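J.: This is what each chain is made of:
There are 2 protein chains.
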Amino acid sequence: MLEEGKVQVYTGNGKGKTTAALGLAVRSLCAGNKVVIGQFIKGMDYSELKLPDHFDRLSLEQFGRDCFVYRKPTDQDYQLASRGLEKMRAYLQDPSIDLLIFDEINVACEYKLIDPREVVEMIKKRPKTMEVVLTGRYAPQEFIDLADLVTEMKEIKHYYKQQGLKARLGIEY
Amino acid sequence: MLEEGKVQVYTGNGKGKTTAALGLAVRSLCAGNKVVIGQFIKGMDYSELKLPDHFDRLSLEQFGRDCFVYRKPTDQDYQLASRGLEKMRAYLQDPSIDLLIFDEINVACEYKLIDPREVVEMIKKRPKTMEVVLTGRYAPQEFIDLADLVTEMKEIKHYYKQQGLKARLGIEY
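Chains as they are written, first to last, in my numbering: chain A, 681 to 853; chain B, 681 to 853.
It cannot be assumed that every hint is accurate.
As the list makes no split between identical chains, a pair holds if one copy fits it or if it spans any two.
[Stated by the list, open to error] Computed cross-link-like contacts, DSSO-like style, restricted to lysine-lysine with a CA-CA straight-line distance of at most 27 angstroms:
id : residue 1 : residue 2
1  : K714      : K730
2  : K805      : K837
3  : K846      : K808
4  : K686      : K837
5  : K752      : K686
6  : K805      : K846
7  : K837      : K714
8  : K752      : K808
9  : K846      : K686
10 : K686      : K834
11 : K805      : K730
12 : K808      : K837
13 : K730      : K837
14 : K792      : K837
15 : K837      : K804
Just so you know, these hints were derived from the structure itself, not from any lab. Computed from a predicted model, the values in this text were never measured in an experiment.
Please put together the full structure from these sequences, using the hints given.
T.: Encoded structure:
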């Protein structure tokens, strides 16, 4: 258990945001901590969905469907995001959780599925031992202001877009 | 197994480089791949050393000692880095490995423990199905040129340095 949990933001247009959150999750699990990952926007069959098979103290939930990012939000997207946020609100009140990851929450805010001010208020009231991670492009200013640590993952070179390749199993998803 | 392995570089002064490599490792493991992580410079008791307990198809080795970064390299550092590089050369010839991570190799190059041109030559000769990841600040130009993907982790806010706090178990190590 941490003495004092911090708030971390991984943002930017480069690869490695969700990946770094996953890495932090497993490092924390290896240290004996309890970790919950909530993935907004996402409802795809990512490899990482199998991660809880390897760690007793990890839960992973998805609050989205298919490949949201490239289309206009529908009522269902709003409902899924909103239900996801309520679940995260409950986790934020559970002092047994050491690390709580809001994956792609920044994108959910950018698309107005979620109000970042509501998230900030929830996070501020969490048990003081809980570390919180917020990921995704377009981190809202409210999250930057709240955070103790912000890393921008900046794309310098990217074959996935530049060379028009498809996402690869076990690497991108 | 990948059809065509790429070369990825995670560099920059921000948090999340080794962490993203760990995340990629577990995602790849969840997809059934075989992964080897070689950590240069490092010889500390990081939480992630326990990761192979959770995954049969993962090996993790350290080719350094203690906290190298803040002191001048000694003969022992050169020897450890050089022995590490020979091990990685062998892994680079093993077609059963899907993902090979050279953690902190960039720093080892910056400190002249390793010649980046030698690493580039080794990587170029690898089986074409193998993905390679190179991490650490100060990525040498040779690695940037070789890479298909380069992400710069850029520090926007960092409590660890700015607030003078100690590294925390399960988060920073």
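J.: Which numbered hints turn out to be false for this structure?
T.: Violated hints (numbers, rising): 5, 8, 11, 13; every other hint is consistent with the structure.
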